[in-house]
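*Asks:* In the order they appear, the protein sequences are chains Y and V.
The first sequence begins at 9 in this note's numbering and counts up one residue at a time.
The second sequence begins at 9 in this note's numbering and counts up one residue at a time.
Rather than coming from a laboratory, the hints here were simulated on the basis of the structure.
Hints may be right or wrong, so weigh each one.
Treat identical chains as interchangeable: a pair holds within one or across any two.
Result set (BS3-like, lysine-lysine): computed pairs, CA atoms no more than 27 Å apart in a straight line [said to hold, decoys possible]:
1) K274 - K32
2) K160 - K177
3) K108 - K326
4) K206 - K274
5) K326 - K153
6) K115 - K153
7) K274 - K251
8) K59 - K177
9) K326 - K274
10) K225 - K206
11) K59 - K11
12) K153 - K32
13) K326 - K115
14) K206 - K72
Listed here are the chains, written in short residue letters.
2 protein chains.
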Amino acid sequence: MSKTIQIGIVGYGNLGRGVELAIKQNPDMELVAIFTRRQPDQLTSANGSAKFEHISTVEQYKGKIDVMILCGGSATDLPEQTPAIASMFNTVDSYDTHAKIPEFFDKVNEAAVKGNNLSVISTGWDPGLFSLNRLLSESILPEGKDFTFWGKGVSQGHSDAIRRVPGVKAGVQYTVPVEEVIESIRSGETPELTTRDKHLRECFIVPEEGADLEAIKEAIVTMPNYFADYNTNVHFITEEELKAEHQGMPHGGFVIRSGVTGNGTKQIMEFSLKLESNPEFTASVLVAYARAAYRLSSEGQNGAKTVLDIPLSYLSPKSGADLRRELL
Amino acid sequence: MSKTIQIGIVGYGNLGRGVELAIKQNPDMELVAIFTRRQPDQLTSANGSAKFEHISTVEQYKGKIDVMILCGGSATDLPEQTPAIASMFNTVDSYDTHAKIPEFFDKVNEAAVKGNNLSVISTGWDPGLFSLNRLLSESILPEGKDFTFWGKGVSQGHSDAIRRVPGVKAGVQYTVPVEEVIESIRSGETPELTTRDKHLRECFIVPEEGADLEAIKEAIVTMPNYFADYNTNVHFITEEELKAEHQGMPHGGFVIRSGVTGNGTKQIMEFSLKLESNPEFTASVLVAYARAAYRLSSEGQNGAKTVLDIPLSYLSPKSGADLRRELL
Chain Y
9 MSKTIQIGIV GYGNLGRGVE LAIKQNPDME LVAIFTRRQP DQLTSANGSA KFEHISTVEQ
69 YKGKIDVMIL CGGSATDLPE QTPAIASMFN TVDSYDTHAK IPEFFDKVNE AAVKGNNLSV
129 ISTGWDPGLF SLNRLLSESI LPEGKDFTFW GKGVSQGHSD AIRRVPGVKA GVQYTVPVEE
189 VIESIRSGET PELTTRDKHL RECFIVPEEG ADLEAIKEAI VTMPNYFADY NTNVHFITEE
249 ELKAEHQGMP HGGFVIRSGV TGNGTKQIME FSLKLESNPE FTASVLVAYA RAAYRLSSEG
309 QNGAKTVLDI PLSYLSPKSG ADLRRELL
Chain V
9 MSKTIQIGIV GYGNLGRGVE LAIKQNPDME LVAIFTRRQP DQLTSANGSA KFEHISTVEQ
69 YKGKIDVMIL CGGSATDLPE QTPAIASMFN TVDSYDTHAK IPEFFDKVNE AAVKGNNLSV
129 ISTGWDPGLF SLNRLLSESI LPEGKDFTFW GKGVSQGHSD AIRRVPGVKA GVQYTVPVEE
189 VIESIRSGET PELTTRDKHL RECFIVPEEG ADLEAIKEAI VTMPNYFADY NTNVHFITEE
249 ELKAEHQGMP HGGFVIRSGV TGNGTKQIME FSLKLESNPE FTASVLVAYA RAAYRLSSEG
309 QNGAKTVLDI PLSYLSPKSG ADLRRELL
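Here chain Y stands alone, though its shape is the one from the complex:
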């Protein structure tokens, strides 16, 4: 490949910054511009050198950008943005509202087919790499049971929820998988697990001055949907402690399948991630799938695809012959 793949980024939060940095690690790619709803001239890029454009100018880049990496949120941004952008460009996104993926797929597929573009939806690690592993392990061990655990890591949704509790000035929530349960599965057990059995929730709270700590604690641990079904620990800390120890965005998790072959022979497959930065890792997955989107589109394919539909060789800049020699 002599031509570099021309990339655009739509949305410039933590994920967009991660994509900008990841592109620098891939010499076959080049960042053309970052598109934002904010004032472009008031943004500075992580590398200090990227070009910002207002999102309204995106159409002028048709033919100049090979793949748009969409870095908006799943709640309101992507349901609008992906179909709109997919009608003009190849796209990759990290749409992660699991229950609505089928509907999202159909909508994006329609737009991408119309525009003769290729859209890889719902990449990242879950959905994404974890989905690949659920599929792989279920296909190989049809008699078995799989378990997905998340953490230890920061949950943005739960952190937002605790910050809305009266008396809370700041706070962060960690989802923590229960280590003993994972060990029992690794040793071949296939327990029936409730929500409470699988994960703990650890909250680190900076209270407002004079706040009723017991009331905060009670409001959190009984909060429906977010905490009521879990064992939740609430820790009160100072603003300094929060800044010193809770600024990172670590995450990770496990997909474990415990199955049997033959006459009850136990076989265990496990995939795990331990990430110091969730958005930077997700960004790296998006960038690898941007390469796949470009190559599939170059071969004449169009429409919506998921990670399940794409051969892994499309993620690599190496040739098939090199991959067979070096990695197989």
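Since the structure of chain Y is provided, determine the placement of chain V on it from the hints.
*Replies:* Leaving out everything else, chain V in the frame of chain Y:
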């Protein structure tokens, strides 16, 4: 799919028996016949019901078998068998001589293209699932280093080697990954490792009566290629102990990539297997890829493919819509 996939097995050792059992776990598949170089009427199948045929009759099954699963060895069987069978049938094999895969690929590809068949070569877990994970993690974390560990498990080649030592009546060899090294990698280190640092070799030997135990030990630990580069422990046991404790064929291993994103952020990806039976698990992988071979061939594709070239959705009997809804 109303039609079941018609499968043939070529070769009936541990792997062939594993394939026979795995087919029973996949209701969309049916075993037509097992082909052998031995006297077919002197074999009994693991399920007790399979039909045996002499390998010389294989051509009569053209049009009656969708995929042949080749269960011979990589040293002498598969280099002959895969090209020969690929000229008549779709095939799947577990060719695992890493250094010769490029040459094998070309030879099989030529035969498969000529016969308009599709051949998935070198499946199993290494090459196979471990290759997929090396590719996935290298593509997502281009700045990083990956480590493959095997074990704890029985190595057939090393077990054969110790059984050839004078004075050895019977024996088995386990390859054991060094746990402390794996832990250091999981904690983010990327050490430079020699062969000796990564794996131990544990030998359990039944000596012949009156044999010189020190001489056996010395012959093993100094054996070039097999043991000289490793720390090797030799344990002498009785025939009863060998039968009671060392009849299984467990194996497993780890592919770990430790990489960085952004400004030195550490990210770790790991895939691991813990197998009570190596041949039964490998067989299960072959059967899943037989489904892929059948589907790719039904779509009009031909030639040689590896696991790197095949979307994981092809391994599953479920539809794309079901996979998106249930697994993504």
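*Asks:* Now look at each hint and say whether the structure bears it out.
*Replies:* Each hint, compared with the structure:
1. K274 - K32: The answer is between: 16 Å across copies meets 27 Å, while 44 Å in one copy does not.
2. K160 - K177: within (23 Å within a copy, 51 Å between copies)
3. K108 - K326: Between copies, since 19 Å is at most 27 Å while 35 Å is not.
4. K206 - K274: both (22 Å within a copy, 26 Å between copies)
5. K326 - K153: between (35 Å within a copy, 17 Å between copies)
6. K115 - K153: For K115 and K153, neither the intra-copy (32 Å) nor the inter-copy (39 Å) Cα distance is at most 27 Å.
7. K274 - K251: For K274 and K251, only the inter-copy Cα distance (20 Å) is at most 27 Å; the intra-copy one is 46 Å.
8. K59 - K177: Neither way: K59 and K177 sit 36 Å apart in one copy and 73 Å across, limit 27 Å.
9. K326 - K274: Result: close only across copies, 24 Å inter versus 36 Å intra.
10. K225 - K206: within (22 Å within a copy, 48 Å between copies)
11. K59 - K11: within (20 Å within a copy, 56 Å between copies)
12. K153 - K32: between (40 Å within a copy, 18 Å between copies)
13. K326 - K115: For K326 and K115, only the inter-copy Cα distance (22 Å) is at most 27 Å; the intra-copy one is 33 Å.
14. K206 - K72: Cα proximity of K206 and K72: none, with 47 Å in one copy and 48 Å across.
Checked against the numbered hints given earlier, this structure breaks hints 6, 8, 14; the rest are met.
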